[in-house]
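Colleague: Sequence:
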Amino acid sequence: MTTLAKFQKRTVQVALDRLEADGPRRFLVADEVGLGKTVIARSVAEGLRKNRRRLNVMYLCPSLEIVGQNRLKFVSLTEIDEKDYKSGEDRLVLVPGALPDEGKGYRIFTFTPETSLPGWKPGPRTGRKAERAVIRRVLDRFDLLRPIVMRLDRERGPKPSPLLDERAASLDGYTQIGIERALRDIFDCQTGNLEKAIIAWLEPTNVDLAEFIARFRSALALAALRSKTVRPDLVILDEFHRYADLIIPRPDASEDRLKRERARVHELLVNALLNGEQKPAVLLLSATPYRLRRLTGEEMHPVEHYRALVDLTGFLADDPDCRVTVEAAMRDYHDALATLGSPKVVREQVLKAKSRLETLLAPLMARTERALVHKEDLFKRDNHPVDIEARDLMLFRHLAENCGKEFAGWAPAMWSSIPYPAQTLHGYKVWDKLSDAKAPPFEAGSGRGRLAHPQLRVLSDIAGGSESLALPWQPPTVPWWRLEGPWSSKRTHPGKTLLFSKWRGAPTSISALLSIDLTRGVGGHGKKAPFLRPGGSETGALVGIFMQWPNLSLAIDPIKASKAGLKAVRLEAEEQLEEFLAGKGVRFDGDEKRPTWIVACGIERRISTQAFNRVVSLAASTRTGGKSKDWRSIQPIASISRAELAALADHIVSAPGSIVARCVNRHGIPQNLKREYARVFDFAWNRLRSYLGHRSFAELILAASPRPRYPDALCEAMLKGGFEAVLDEQICLVGQLGDARGLEIVEQLSSCLLDRPGLVQFKRTKGRHRVPVQAVAPFAGGEQRRTGKKKGGRLRSDTLRRAFNSPFWPHVLCTTSVGQEGLDFHLWCRRIVHWDLPSDPVDFEQREGRIARFGSLAVRQSLAGSHRDAALARAEKGSPFSSLLQVAREQPSGDTGLERWWLPDAGLPESISFDWRFSLRSAREEQMLKDLLYYRLALGQPDPEAFLEMLKRVGAEGEDARSLAIDLSAISRFAKIAP
1 MTTLAKFQKR TVQVALDRLE ADGPRRFLVA DEVGLGKTVI ARSVAEGLRK
51 NRRRLNVMYL CPSLEIVGQN RLKFVSLTEI DEKDYKSGED RLVLVPGALP
101 DEGKGYRIFT FTPETSLPGW KPGPRTGRKA ERAVIRRVLD RFDLLRPIVM
151 RLDRERGPKP SPLLDERAAS LDGYTQIGIE RALRDIFDCQ TGNLEKAIIA
201 WLEPTNVDLA EFIARFRSAL ALAALRSKTV RPDLVILDEF HRYADLIIPR
251 PDASEDRLKR ERARVHELLV NALLNGEQKP AVLLLSATPY RLRRLTGEEM
301 HPVEHYRALV DLTGFLADDP DCRVTVEAAM RDYHDALATL GSPKVVREQV
351 LKAKSRLETL LAPLMARTER ALVHKEDLFK RDNHPVDIEA RDLMLFRHLA
401 ENCGKEFAGW APAMWSSIPY PAQTLHGYKV WDKLSDAKAP PFEAGSGRGR
451 LAHPQLRVLS DIAGGSESLA LPWQPPTVPW WRLEGPWSSK RTHPGKTLLF
501 SKWRGAPTSI SALLSIDLTR GVGGHGKKAP FLRPGGSETG ALVGIFMQWP
551 NLSLAIDPIK ASKAGLKAVR LEAEEQLEEF LAGKGVRFDG DEKRPTWIVA
601 CGIERRISTQ AFNRVVSLAA STRTGGKSKD WRSIQPIASI SRAELAALAD
651 HIVSAPGSIV ARCVNRHGIP QNLKREYARV FDFAWNRLRS YLGHRSFAEL
701 ILAASPRPRY PDALCEAMLK GGFEAVLDEQ ICLVGQLGDA RGLEIVEQLS
751 SCLLDRPGLV QFKRTKGRHR VPVQAVAPFA GGEQRRTGKK KGGRLRSDTL
801 RRAFNSPFWP HVLCTTSVGQ EGLDFHLWCR RIVHWDLPSD PVDFEQREGR
851 IARFGSLAVR QSLAGSHRDA ALARAEKGSP FSSLLQVARE QPSGDTGLER
901 WWLPDAGLPE SISFDWRFSL RSAREEQMLK DLLYYRLALG QPDPEAFLEM
951 LKRVGAEGED ARSLAIDLSA ISRFAKIAP
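Residues 1 to 979 (our numbering) make up the sequence shown, in order.
Since the hints were made in silico from the structure, they are not lab data. Predicted model only: the values in this text are computed from it and were never measured. Please note: incorrect hints may appear among the correct ones.
[To be verified] Restraint ranges, calculated between C-beta atoms of paired labels, are given here:
#, residue 1, residue 2, range
1, Asn271, Glu348, 41 to 47 Å
2, Gly276, Ser690, 47 to 53 Å
3, Glu46, Asn271, 23 to 29 Å
4, Ala923, Leu340, 27 to 33 Å
Cβ atoms here follow ideal geometry from the backbone N, Cα and C, with glycine treated the same way.
All chains should be built: construct the whole structure from the sequences, respecting the hints.
Modeller: Pasting the structure below:
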């Protein structure tokens, strides 16, 4: 884990003061998006663990994507390798029988609330098959109840699939007493015969099997929460504003008996989670705590947002009197913001009300904002004008004429946001009408000609067109020498792009169309096999390229000089290799020109039998067929020619396998045991080779190289594109700036390489197609599933997120509000594209917060601009990027710690929107952007709209405006009491 910044340390301290004290033990961290609330939560868990033998941490967040992203932060507390760690089940009913691993006194439970608390979210209530199997096992204890329930299962309808046909092997983790107690509470039967009470509950005609299963699931979840092994000591509610009815339930005065019972059952579960017999510490995380929503998406207080904060303080204080006091202070603050009179009078009233609110809220919460230390906008904003062409209007006319009266009013919005709607609007109701209509005047899919959509043409230019999208990796932040070819520093490199749209159909449409453009037509590469496939007599050479030669790979440490060219790199490598080989007794008096991989293998055998046996073992694991040479037959080589020396040096400095070996060694990743070096080779051979074999890469690299064979041109590209510097940087990002250690780093490197594409539906006159998308990909969050061996399907969202947070494909990620909150996309992206306008500045803030985060690409590029030469000079035999981080840490950190890792000195991240001149949309966008700087101050206020109006009314700007903003930052409290 990275070291906490000053403001984070202070926040952890005030949170622990609250959570370790007597009383409610509830605290809210409301830091602005991108400031590391999850990292703070992890440190809070560390602080709480110091005073106890074991700490059960229960982490809840609204989506599996956020769970997947943040779980490792907490799992790292156990110090168990990610590959070895067993996370247990993700349903409370199943957890007692499959607990997560415990390490260093920590046990980490991660859930989404709708799956962990049965029956909360409307919809099917029968749960997973494994949950029902546990229920079936519990039913074995009830001889009278069991046949009634099984009859209900049989009589559910014509040819139903049985729900209770399987029985769990055991009830491990549960106790009979615990289950009975929970059942009595769920069925409200504190005394008397429990079985008869449940049977009586089943008698009404409106009680079906699904309702019964839901109650038993709730009972088992309740028993689990009360058990010593599961009962939480710390509950972390991340992005809780999206499921705030967990802490502030809706009053249910329904006349429906079952609805009232469900509300009571839900209250039992929430009390067991947040109160329990031994109250846990509760830590809430949210950047927008004044906009509370129920799990259904409905806002609790859509008009008076401050009331949401009043409700929240009531929960945090666990005191109705505190809620009343805060509400009175809120009203005074609201009235002060609306005060009429001179600016001086308004300021006095606001400052008085603000001071009282800060006094009441500070014990309950902390919020840090960049606006406290940063006066200017956080982004460079470009509003790109769009030009409408005749072909664009022809497609609009086709849509408008064929979408029917029901959708005619939506036609302009659909056409402007979803390119080529007649080919891409799958999943919308209008699709049936478009499918039955005549074909549009022209179609996309040939990969030739201009795109017939105004914004899509601009986006294609922003993303750099096909040549930039075909790059196998992005240039490094700290190049070790002058880059050449497609990565040349003389070229403009657009980098990665994160695109947001409100329309669900936009990400798939954009991804398909730009991918078709990349492959030059639907089915562009057809059924052609990828490159770098083993087979035949050349297989040994291919394996050699991806082999981690135990001695030779480390004999060279490439030159690190910003002005050096590739000739100097190769010359230095040859000199280092010659010196190394001479020291091992290898002579240079030969006159042969043997294949380089055979020379390398023979020298490894000459140097060390153990190293040679490792090489042979790895080569044998590739299963390359009978035509390839048996590596065991290669004899030791003690003499080589000068030509062989030059070829071997070029191979060792540029081959992907040798580069991987050096990077792994440079960062101390263990390779001593067989499973360790086999895992590294698996990454190079099975993952990296498969990825680099894509035909788009081969076409780009071969076009820029005089070498006719792709393996040779690829090795040359490794030098031209600074691949070793890129890999060095990525290892630092997942290791030093992330949570991975040792072989976990290799696991994360493997997981960020897309070895197969997702597929997107696309219609042409001659039929429907499934377009492969990798360079440009849609991110659909929880809707996505793992792509297996079968053709088709979508890529898993966590796979896409990790891939986008790497220098590899995809280079453009298109998403909706699914990717808007809680997820990180900042490691290799510095550009946000607003395909259409968000509904309000809060959504603007959330979108841009995806890339304005700790150690973002913009921050790293700014650091590299200032300290690159110092880092290269310091890292003569080490990691240049690690040296850059060290040099940066040695610089003054500023008053808060925000200045170095969150706010780049130069080169702001980009926020791009589109200017539809003379349109209502354009006027609205202009006003929203104008207000955004004010909103960055107002977003932390309980009544942001009123605060914004007050600032305009009194003409407050800059420091004056900041002095009027409510300041709940933890670091400012220490500044006030400092001597």
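Colleague: So, for every hint listed, does it hold in this structure?
Modeller: Here is how each hint holds up against the structure:
no.	hint	in the structure
1	Asn271 to Glu348: 41 to 47 Å	holds, 45 Å
2	Gly276 to Ser690: 47 to 53 Å	holds, 49 Å
3	Glu46 to Asn271: 23 to 29 Å	holds, 27 Å
4	Ala923 to Leu340: 27 to 33 Å	holds, 29 Å
Hint violations for this structure: none, all hints satisfied.
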